[in-house]
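So you can see what is in the structure, the chains are spelled out below.
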Amino acid sequence: MESEKSRHISLHFNGEKVASAVFAMFAAFSTVAVFGIIFYILYAAIPAFHQIGFFKFIFSDVWNAQTNQYGILPMIVGSIFLTSLSVLVGGTLAVVTAVWMVYYCPKKLKKAYEQLINLLAGIPSVIYGLFGYTFIVPALTKTFNLAESGTSGTGLLASSLILSIMILPTVTSVAKNSLKNVPSNYYEGALALGCTKNQTVWKVLVPAAKNGILAGLILGIGRAVGETMAVQMLVGGANAYPFSFFTSFSTLTSIIVRDMGYASELQTSALMGSGFVLLVFILILNLLLLLTRRNSLGGNRFFTRRIDESNGIEGQLRSYKRTGSVQDVLWIISWIVALFMAFVLCFIVIFVLVKGLPNLSANFLFGKSSNRQTTLQPAFVSTGLLILLSLLIALPLGIGAAIYLNEYAKKDNPLVKIIRIFIDTLSGIPSIIFGMFGMLFFVTACRLNYSLTAGGITLALMILPTVIRSTEQALSEVPDSMREASYALGAGKLRTVFKVVLPQALSGIVTAIILSIGRIVSESAALIYTAGSSIYTPTGFSSQGSTFAVLIYRFMVEGTHTEEAYATAAILMFVVVVLNILVTLCEWLFKRRNKV
Amino acid sequence: MRKKRIAKIMLAAACVAAMGTSGTAVFAGCANGTETITVSGSTSMTELMQALAAEYEDAHPNVQIIVNQGGSSVGISDTKAGLNDFGLASKKVDEGDGVKGVQLCLDGIALTVNKDCAVTQVTNEEVFDLYMKGTAIQDTITTAIARDQASGTREAFNEGIKDENGKDIKTEYKGEYDLPGYTHAKWDAQQATGSVIAMIEQSTASIGYISLGSVLMSNANIKALAFKGYGQETYVAATTENVLNGTYALQRPFTIVLSTTRELSPVAQGFYDYIMSEEAQAVINAEGCVSTYGK
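So the protein lines, in turn, are chains A and B. Per numbering that gives the first Met the number 0: the first sequence = residues 0 to 595. Per numbering that gives the first Met the number 0: the second sequence = residues 0 to 294.
Chain A with its partners taken away, still in its complex shape (with noise of 0.2 angstroms):
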């Protein structure tokens, strides 16, 4: 109704046609990523798919680069097992970890436990990775005496226990909102019926929000497919199915790592074809998605009301008596989780801090890089010059996509509709295959070679799907009788979008902001394909360039230099730990200004 009410004043405007059009051109964009990506990856995967044979490629068990056989069966099998077993266990401590922040939180921790779970999220995937290799590796290798037998501790477990950690807060946040959504009188009927607090929650509640939590786990399922650099250095790397523990193996991403910087045309092909497999397999699980939303997340049509948490049904609550049941012996578990995983984090950062900072010096932070000593004097550059050149992209983008899809499109256009889905579509692909996309087309197809241009331009279409969203949920936030003043006072549309909507939603773009630096400075497995991993200070957009994550893997993969890794790993985690600050900082910032 208010769309139509704008269009009419803004008639005799051309302006206001020409950046609706523009607007929808941004909006449209995530559509033409998407489809690109997937044409550029099938398109470099089908001289593999021709050469070898589709069926053969897929079900054969030689990887040999000698002879140039090349079968993924093993590494589609150890991707699914990986999968599985991180899904099984990180997603079961992910959703008894949101029950127990829902349900059990003390009031008073509960701002701090969102917190540690939104760090848990945003530590980088290379960190993860070391700490891994360097600290469950050994730990397993000694624990089960593995030497003896002639294997060490990489393998399914070590890669399995790190990845459910690393699925944990994805799962979490969604299992989290949904069972927020659950209306209050079903918790109140439960209550009424004679039910104890743990009978409800576990009996009534959590089953009222399976959808939500599917969901949850949907998205931990893509994210644990997609995974890569953690993975790629704890599966040991041979062709070989996980049929144990410790056997060393390799999933359909890992095998892209170890091998792209050998690989030979076929073979590149190959691992091309390795790629668009996992991005079938993400569409999939996209698709899966699509259904269970399409069911809503929790929540019910009849009972809208949900509990009010300002009056915190915990203190309310503890006065119903315990009985000794099943659902009790869950409540005493879901704290022993929540425990566990807050120890975890601080374990783990503690642990890379302590590891790091003694290494640290004045000459490795900031003294120049060559093949004497790299230093992380590069890192800075490059750091900065990615961040700079993709929000320069994804910001303008990011925004004009909001806008369209706040401010212009019908609510039951089923383009929006489409356009919606494109977006979620784009933010669920690994950054592996952004990475192969961007070495396809920016690097190879528009001859930008290995730069910053390149890596910036692929880490801009990485953030978009975030700016999107925060800034759309920022928009739908300013009320709409603040447009209507606008338009009241005889300010056409487009002025009303910036100079009314649009500084309202400052919040959502500012958390964009903070929350793409956070992807771009954890990011690696993307730049390595599109940015290279030089070890030198970038002399502009067109030279490679290092991030402190690129070249915590640098220093990782050379093996010697464990010391400098954990060093740039200790900076890393303090950038995050800073950032992380930062989006609740801004995020109290703005509730307490909406609030006045």
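Hints are not guaranteed to be accurate.
Listed next, the stretches of chain B that the computed footprint assigns to chain A, with coverage defined by at least 3 CB atoms under 8 angstroms from CB atoms of chain A [to be verified]:
id, region
1, 54-64
2, 127-134
3, 161-175
Below 25 angstroms or equal to it, Euclidean Cα-Cα: the simulated SDA-like pairs (lysine to any residue) are [to be verified]:
id, chain 1, residue 1, chain 2, residue 2
4, B, 166, B, 229
5, B, 173, A, 61
6, A, 367, B, 65
7, B, 169, A, 265
8, B, 169, A, 67
9, B, 79, A, 263
10, A, 354, B, 276
11, B, 132, A, 243
12, A, 354, A, 137
13, B, 99, B, 259
14, B, 222, A, 144
15, B, 166, A, 67
16, A, 367, B, 54
17, A, 141, B, 117
18, A, 141, B, 229
19, A, 141, B, 218
20, A, 141, B, 200
21, A, 141, B, 259
22, A, 354, B, 201
23, B, 173, A, 263
24, B, 166, A, 64
25, A, 354, B, 200
26, A, 141, B, 99
27, B, 79, A, 66
28, A, 410, A, 17
29, A, 354, B, 241
30, B, 173, A, 264
31, B, 173, A, 75
32, A, 498, A, 15
Only some residues are given here: those of chain B computed to face chain A with a beta carbon under 10 angstroms [said to hold, decoys possible]:
id, residue
33, 35
34, 42
35, 48
36, 76
37, 145
38, 157
39, 189
40, 191
Derived by calculation from the structure, the hints in this document are not laboratory data. We put the CB at the ideal spot given by N, CA and C, even for glycine.
Knowing the structure of chain A, use the given hints to seat chain B on it.
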């Protein structure tokens, strides 16, 4: 209204932070005209090239040498395609197809065990039987550690270890350590020299193959075994001297790959001349490789 100002300030601060970092970048970029040399190829040669590059960069502050890893085949294909100044290959490269190879030095492949392992010498047959049939070496070494398939060290090892007919693992067995009854899962292929060393350090019943230079340079609790090659009469100690005189059978050349169609740029020529000079041999030897200068 005040809150709005805070928001604006934060946005501005974020922008300034981004600009600031990029500003330093541009500043750094203005620094004196540096010249870049790119070499790419064998991962086994990376450490050696980085050491040589470090020496050269010290003497020529405005030269940057980028050493890209990728494997010997990448070293050759990059040179053909003109993607580097010259390539690195840890094997012999014949002239033809637009490239030619010049030997830089030699490297031995050491059969490496834990220092506390009782075994001191092995034969070609024993190694072959362990890697291909799972037969224990002298009833002591039961576990064989392999490198991943992309490894040049693995390729050199596979070329050096032969069956009873003198056929090596690489050509006769497709480079895979498989015989009937073999399961993939038995082999824990390590992706780096460092992880092979780490595994050997933890067990006295394991054997692995790594570059001789890495054993000599390492302060880990490991040792290289004396080796009796196919058709050889005596055990030969794994030393640089024996690699140089050719008696130690498991060895490979480190080769510089040059294009036959284009000249080296003056700055790359300078670096090439340095690594081929007498001066550079000390660095080569210090890295555990075997200098062949003047021989």
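Less than 10 angstroms between beta-carbons is the criterion; does residue 145/B satisfy it with respect to chain A?
holds (8 angstroms)
Pairwise hint evaluation, residue 64/A against residue 166/B, where the allowed Cα distance is 25 angstroms at most:
holds (20 angstroms)
Restraint status (C-alpha distance of residue 410/A to residue 17/A at most 25 angstroms)
Measuring from Cα to Cα gives roughly 21 angstroms; hence the hint holds.
Is the shortest C-beta separation between residue 48/B and chain A less than 10 angstroms?
holds (8 angstroms)
Less than 10 angstroms between beta-carbons is the criterion; does residue 191/B satisfy it with respect to chain A?
Holds - the Cβ of residue 191/B comes within 10 angstroms of chain A, reaching about 5 angstroms at its closest.
What's the verdict on residue 354/A and residue 201/B, does the C-alpha distance respect the 25 angstroms limit or exceed it?
holds (22 angstroms)
For residue 141/A and residue 218/B, compute the direct alpha-carbon distance and say whether it is at most 25 angstroms.
Distance ~21 angstroms between residue 141/A and residue 218/B Cα, so the pair holds.
Given the hint that residue 169/B pairs with residue 265/A, test it: the Cα-Cα distance must not exceed 25 angstroms.
holds (20 angstroms)
Next pair to validate is residue 367/A with residue 65/B; report whether the Cα-Cα distance is within 25 angstroms.
holds (15 angstroms)
With a cut-off of 25 angstroms on the C-alpha distance, tell me whether residue 354/A and residue 200/B pass.
This hinted pair holds, its Cα atoms lying about 22 angstroms apart.
Take the C-alpha atoms of residue 173/B and residue 75/A, compute the straight-line distance between them, and say whether it is at most 25 angstroms.
Roughly 23 angstroms between the alpha carbons, so the hint for residue 173/B and residue 75/A holds.
Hinted pair, alpha-carbon criterion (25 angstroms max): residue 354/A, residue 137/A. Please report holds or violated.
Roughly 16 angstroms separates the two Cα atoms, so the pair holds.
Hint compliance for this structure: hints 2, 10, 18, 21, 26 and 29 are not met, and every other hint is.
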